[in-house]
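My request is simple: use the sequences and hints to build the entire structure.
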Amino acid sequence: MTIDEQIAYLKKGLAELIREEELRERLTQSAKTGVPLRIKAGFDPTAPDLHLGHTVLLRKMKHFQDLGHTVIFLIGDNTGLIGDPTGRNTTRPPMTPEEIDKNAETYKTQVFKILDPVKTEVRFNSEWLAPMQFIDIVTLCSKYTVARLLERDDFAKRFKEGIPISLHELLYPLGQAYDSVALKCDVEMGGTDQKFNLLVGREIQRDFGQPPQIVATTPLLQGTDGVEKMSKSKGNYIGITERPKVMFRKVMGISDDLMWRYYELLTDKSLSEVAELRGRQEPMAAKQALARIIVADFHSGEAADQAQADFDREVREGQVPSDIETITLPNGVGNSLPKILLAAGLADSRTDAERKVKAGAVEINGDRHASLTIALPPGQHVFRLGKKWKRIQV
RNA sequence: GGACAGGUGGGUGAGCGGUUAAAGCCAACAGACUGUAAAUCUGUCCCUCCUUGCGAGGUACGAAGGUUCGAAUCCUUCCCUGUCCA
Numbered sequence: 001m002t003i004d005e006q007i008a009y010l011k012k013g014l015a016e017l018i019r020e021e022e023l024r025e026r027l028t029q030s031a032k033t034g035v036p037l038r039i040k041a042g043f044d045p046t047a048p049d050l051h052l053g054h055t056v057l058l059r060k061m062k063h064f065q066d067l068g069h070t071v072i073f074l075i076g077d078n079t080g081l082i083g084d085p086t087g088r089n090t091t092r093p094p095m096t097p098e099e100i101d102k103n104a105e106t107y108k109t110q111v112f113k114i115l116d117p118v119k120t121e122v123r124f125n126s127e128w129l130a131p132m133q134f135i136d137i138v139t140l141c142s143k144y145t146v147a148r149l150l151e152r153d154d155f156a157k158r159f160k161e162g163i164p165i166s167l168h169e170l171l172y173p174l175g176q177a178y179d180s181v182a183l184k185c186d187v188e189m190g191g192t193d194q195k196f197n198l199l200v201g202r203e204i205q206r207d208f209g210q211p212p213q214i215v216a217t218t219p220l221l222q223g224t225d226g227v228e229k230m231s232k233s234k235g236n237y238i239g240i241t242e243r244p245k246v247m248f249r250k251v252m253g254i255s256d257d258l259m260w261r262y263y264e265l266l267t268d269k270s271l272s273e274v275a276e277l278r279g280r281q282e283p284m285a286a287k288q289a290l291a292r293i294i295v296a297d298f299h300s301g302e303a304a305d306q307a308q309a310d311f312d313r314e315v316r317e318g319q320v321p322s323d324i325e326t327i328t329l330p331n332g333v334g335n336s337l338p339k340i341l342l343a344a345g346l347a348d349s350r351t352d353a354e355r356k357v358k359a360g361a362v363e364i365n366g367d368r369h370a371s372l373t374i375a376l377p378p379g380q381h382v383f384r385l386g387k388k389w390k391r392i393q394v
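For the first sequence, my numbering begins at 1 and goes up steadily by one.
No lab work stands behind these hints: they were computed from the structure.
Wrong hints could be hidden among the right ones.
What the hints assert, rightly or not - With a cut-off of at most 25 angstroms between alpha-carbon atoms, the simulated SDA-like pairs for lysine to any residue come out as follows:
1) K339 - I364
2) K184 - R355
3) K339 - D352
4) K12 - L67
5) K108 - S126
6) K32 - T2
7) K119 - V35
8) K358 - V333
9) K108 - A130
10) K157 - K108
11) K232 - R152
12) K32 - T70
13) K143 - E203
14) K358 - G318
15) K62 - A182
16) K234 - K287
17) K339 - K358
18) K339 - K356
19) K387 - S231
20) K195 - K229
21) K390 - D312
22) K195 - V227
23) K102 - E203
24) K11 - E121
Quick caveat: nothing in here was measured; it's all calculated off a predicted structure.
Here is the structure:
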């Protein structure tokens, strides 16, 4: 590929690239010397469960690898103690080396579904942050001003609204910036919400006599609710290790509008292909195709077939799922339906169970059951409460 | 160190002595509708118990005490947060 083609390839699907000319220079330089560029992205050590939102970034990092460059998967085991200030944060207790190792392993098995292990370095920022002395930290702090830190959107907002900002939170961008110095990064990537932190990296690198890194941001993927960005804590995520069936169903649950965004950010389909698909006016078919692609990416084609078959049968035809759990009732629940539902894990509490029954949400062996007592003859019974199914052995 | 303001259910946010398990909104859950969805409409949304009733108890409004027949609402102390002044 020519340099122009490389840039076009890398730019596709990026939210922002700062600055393109610098990237061009480095790509040219790299081609000349044969030294690969170093592409960094940082991840929080506490949440090693990746979801599709993370894969937007990972897919883009993979593109750099495709061109022969090195990706540094940085686990922020030290900055993670602060927690990127997205809200009310306190310092988290330090993680033990065992926990960190365990999380790192989990990360590896997940990210290598996308990244090429041969062209990936997994690093921890405790490597250089932990040995820093107070004086080192003060020196680092001296390189940036409070006013500039407060320019960051969420800081500015919180400051203005009188929401607490703890001093240590201000240090987070500096720590992250120093990571780039320590790793001599050529490019740092992150979601658009990371733009500020990534830019601080440029300035700090300059202060340390390094050429400033190129900043590449990827768009944030909306969660399944279509409103907020995908995040585990919001419960609107699709995890990349989720079972094919669950994954398929979650994809089917997104709105038709959101589906096109997912096509754009989560598949290799070109924009014209997506537009063509959209023009066909067959949202149902398009969404199933999307769900198949995603399941196949993280599992296999066969798993995708199976997931689709399950979906057709269970959701579209409303039949009993193939994989429901069988529960044997403990003694003493008698014929109280709420107690049975609680014992089966279909309700959170007896009060909750009672409400659900009264609301007509309970189906037993295919028939709605709205009374609070039931005599179950010995044998197996299929219970359904909303989307949850259980087989109960009496 | 001083002067103010504030801490309510998953989130917002009303209530400022009693019809308040605590408005409204959002989220969530269930039902209807549907091509999966979305949207819309309806209902629910602390727990326990039973004689399942617009039932009876128990918890709950930062924490602990106190005043009251009665407190999320008043008082005291403590904890936490913000603003202004030094």
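Hint check: K195 vs K229, CA-CA at most 25 angstroms. Holds or violated?
holds (16 angstroms)
Between the alpha carbons of K195 and V227, is the straight-line distance 25 angstroms or under?
Holds, at about 21 angstroms.
Can the restraint linking K32 and T2 be considered satisfied, given a maximum Cα separation of 25 angstroms?
holds (12 angstroms)
Given the hint that K339 pairs with K358, does the C-alpha gap stay at or below 25 angstroms?
holds (14 angstroms)
Is K62 within 25 angstroms of A182, Cα to Cα?
Answer holds: K62 to A182 is near 22 angstroms, not above 25 angstroms.
Quickly compare the C-alpha distance for K339 and I364 to 25 angstroms and report which way the hint goes.
The given pair, whose Cα atoms are some 15 angstroms apart, holds under the 25 angstroms limit.
Going straight from one Cα to the other, do K387 and S231 come out at no more than 25 angstroms?
holds (22 angstroms)
Check whether the Cα positions of K232 and R152 lie no farther apart than 25 angstroms.
At roughly 24 angstroms apart (the allowed maximum being 25 angstroms), R152 and K232 satisfy the hint.
Going straight from one Cα to the other, do K143 and E203 come out at no more than 25 angstroms?
With a Cα-Cα distance of about 9 angstroms, the restraint between K143 and E203 holds, given a limit of 25 angstroms.
Just to be careful, I want the Cα atoms of K108 and A130 compared with a cutoff of 25 angstroms; is the pair within it?
Distance ~23 angstroms between K108 and A130 Cα, so the pair holds.
Within 25 angstroms, alpha carbon to alpha carbon, are K32 and T70?
holds (16 angstroms)
Restraint check for K184 with R355, where alpha carbons must lie at most 25 angstroms apart:
Since the Cα atoms of K184 and R355 sit roughly 60 angstroms apart, the hinted pair is violated (cutoff 25 angstroms).
The earlier numbered hints that this structure contradicts are 2, 10 and 23.
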